[in-house]
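*Asks:* Protein chains in written order, with the working numbering: chain X, 1 to 239; chain W, 1 to 239.
One thing to keep in mind: the hints can contain errors.
[Unchecked claim] Label-pair restraints from in silico Cβ distances:
no., chain 1, residue 1, chain 2, residue 2, range
1, X, 83, W, 2, 27 to 35 angstroms
2, W, 192, X, 123, 18 to 26 angstroms
3, W, 67, X, 51, 25 to 33 angstroms
4, X, 233, W, 142, 22 to 30 angstroms
5, W, 38, X, 238, 41 to 49 angstroms
6, X, 233, W, 36, 45 to 53 angstroms
Quick caveat, the hints were computed from the structure, so don't treat them as lab data.
Just so you know, even glycine gets a beta-carbon here, dropped at the ideal spot from N, CA and C.
Read off the chains here:
There are 2 protein chains.
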Amino acid sequence: MPYELHYWPMIQGRGEFIRLALEESGADFIDVARRDDEAGGIEPMLVRLSDPGNPRPPFAPPFLRDGDVVIGQTAAILIYLGPRLGLVGEAERDRIWTHQLQLTIADAVDEAHDTHHPVGVDLWYADQRPEAQRRAKGFRESRMPKFLGYFERVLAANGGERLVGPSLSYADLSLFQLVDGLRYAFPKASAAALRDAPHVARLHAAVARRPRIAAYLASERRIPFNEDGIFRHYPELDA
Amino acid sequence: MPYELHYWPMIQGRGEFIRLALEESGADFIDVARRDDEAGGIEPMLVRLSDPGNPRPPFAPPFLRDGDVVIGQTAAILIYLGPRLGLVGEAERDRIWTHQLQLTIADAVDEAHDTHHPVGVDLWYADQRPEAQRRAKGFRESRMPKFLGYFERVLAANGGERLVGPSLSYADLSLFQLVDGLRYAFPKASAAALRDAPHVARLHAAVARRPRIAAYLASERRIPFNEDGIFRHYPELDA
Numbered sequence: 001m002p003y004e005l006h007y008w009p010m011i012q013g014r015g016e017f018i019r020l021a022l023e024e025s026g027a028d029f030i031d032v033a034r035r036d037d038e039a040g041g042i043e044p045m046l047v048r049l050s051d052p053g054n055p056r057p058p059f060a061p062p063f064l065r066d067g068d069v070v071i072g073q074t075a076a077i078l079i080y081l082g083p084r085l086g087l088v089g090e091a092e093r094d095r096i097w098t099h100q101l102q103l104t105i106a107d108a109v110d111e112a113h114d115t116h117h118p119v120g121v122d123l124w125y126a127d128q129r130p131e132a133q134r135r136a137k138g139f140r141e142s143r144m145p146k147f148l149g150y151f152e153r154v155l156a157a158n159g160g161e162r163l164v165g166p167s168l169s170y171a172d173l174s175l176f177q178l179v180d181g182l183r184y185a186f187p188k189a190s191a192a193a194l195r196d197a198p199h200v201a202r203l204h205a206a207v208a209r210r211p212r213i214a215a216y217l218a219s220e221r222r223i224p225f226n227e228d229g230i231f232r233h234y235p236e237l238d239a
Numbered sequence: 001m002p003y004e005l006h007y008w009p010m011i012q013g014r015g016e017f018i019r020l021a022l023e024e025s026g027a028d029f030i031d032v033a034r035r036d037d038e039a040g041g042i043e044p045m046l047v048r049l050s051d052p053g054n055p056r057p058p059f060a061p062p063f064l065r066d067g068d069v070v071i072g073q074t075a076a077i078l079i080y081l082g083p084r085l086g087l088v089g090e091a092e093r094d095r096i097w098t099h100q101l102q103l104t105i106a107d108a109v110d111e112a113h114d115t116h117h118p119v120g121v122d123l124w125y126a127d128q129r130p131e132a133q134r135r136a137k138g139f140r141e142s143r144m145p146k147f148l149g150y151f152e153r154v155l156a157a158n159g160g161e162r163l164v165g166p167s168l169s170y171a172d173l174s175l176f177q178l179v180d181g182l183r184y185a186f187p188k189a190s191a192a193a194l195r196d197a198p199h200v201a202r203l204h205a206a207v208a209r210r211p212r213i214a215a216y217l218a219s220e221r222r223i224p225f226n227e228d229g230i231f232r233h234y235p236e237l238d239a
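Looking at chain X on its own, in the form it has when it is part of the complex:
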């Protein structure tokens, strides 16, 4: 039975970390909300979110369904999928280290999001532009270089090619996605930061060249970045 991913169909968002893991491993899965038949759309997702018959409901999308198991929270989904897709080491300490990296990537993603929504997730960007410019300045000048510098250090200490051990892990795919998003949202600031993080820049390029990832990125399955997602390109925030 294929895995079912339930996530908003118009954005990469947090669901993209799951999509990349599933695509890289060639897993059999359905991106339910993106199906174009009557079984698709966001209705099944909304129904499952409020399903009174599930005593373990997810709080929000994305969530994964595998038979009778339903798992929410991006990082928790990757803990579940990691060993099943061969995207994490066997040893407990490798698994926890990979997860620790994933959580740090998630923190960076959250901070990238908050640059355009500092005052409220329920408000429009247009209603918080001055605050967004203040917040983005701190992100560009301080936080982005700090995060990328950290991953640079981790890569360098592990031989330069992978975050954990000798094999590709879901954390590598997630770091690719973080960098891809930063390059879209902050082309100027990220170019400067990546000059100081050459291993991170090379990992991003290497992941993009992996056959299944390259095929995915070139396909219609990869939703283009846009100004509804986490990584938004507002030129005034990259000034």
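Position chain W against the provided structure of chain X, taking the given hints into account.
*Replies:* Frame of chain X, contents of chain W only:
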């Protein structure tokens, strides 16, 4: 050999989720930065954060040291400690579900933090008061009730006393801490929200009565809430 917790000594912060798990289980541990001898203070933490000899460095406090294992990220530390302290079930799906709840609690904690620091983590509260009031309004009126309502639903579906199965888990301790912080920071808004989440309110009270937790809360080891931590009481944000 005792566990070593490394975290800021003046605040509960994210370290408190680790302290509660260690205290409840009676584990042998040292809160290194709070030692009052020459081996204490934040110096050992700062040294370990930048230790070039550790190829797997934490990004930020809190981190845990167990012999030669050093683990950062609160939720990753709890994955490691959970089975060792008897604070999570044996089955994989129970472990992932407990972790999923922990990550959702962490999201709520992040949003509570952002009410007083919407524009920048590097700025003072005094420099973002109007923005904080806007952000806090959305948190009080929409997000806090949504989070507490979610945990209410999960508790009710599991018999009312525990989040996962029949036994206490680290997620129960973390939900206690979230509620404790909300009661401190937003006494008016949290009282209203907890009236609609009676199981959550009862879990908070029940955890506070557990013998080891009660002893801990009454001791000097429990740092009082203050306006340097995550949960800050600024009356204008609870208006």
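*Asks:* Check the following: the C-beta atoms of residue 38/W and residue 238/X are separated by a distance inside 41 to 49 angstroms.
*Replies:* holds (48 angstroms)
*Asks:* Range hint 45 to 53 angstroms: satisfied by the CB atoms of residue 233/X and residue 36/W?
*Replies:* holds (51 angstroms)
*Asks:* So does residue 67/W sit 25 to 33 angstroms from residue 51/X, Cβ to Cβ?
*Replies:* Hint violated: Cβ distance 44 angstroms, outside 25 to 33 angstroms.
*Asks:* Are residue 83/X and residue 2/W spaced within 27 to 35 angstroms by their CB atoms?
*Replies:* Since the Cβ atoms of residue 83/X and residue 2/W sit about 31 angstroms apart, the hinted range of 27 to 35 angstroms holds.
*Asks:* If you check the beta carbons of residue 192/W and residue 123/X, does the distance land in 18 to 26 angstroms?
*Replies:* holds (22 angstroms)
*Asks:* Could you tell me whether the CB distance from residue 233/X to residue 142/W stays inside 22 to 30 angstroms?
*Replies:* holds (28 angstroms)
In summary, the structure is inconsistent with hint 3 from the numbered list given earlier, while agreeing with all the others.
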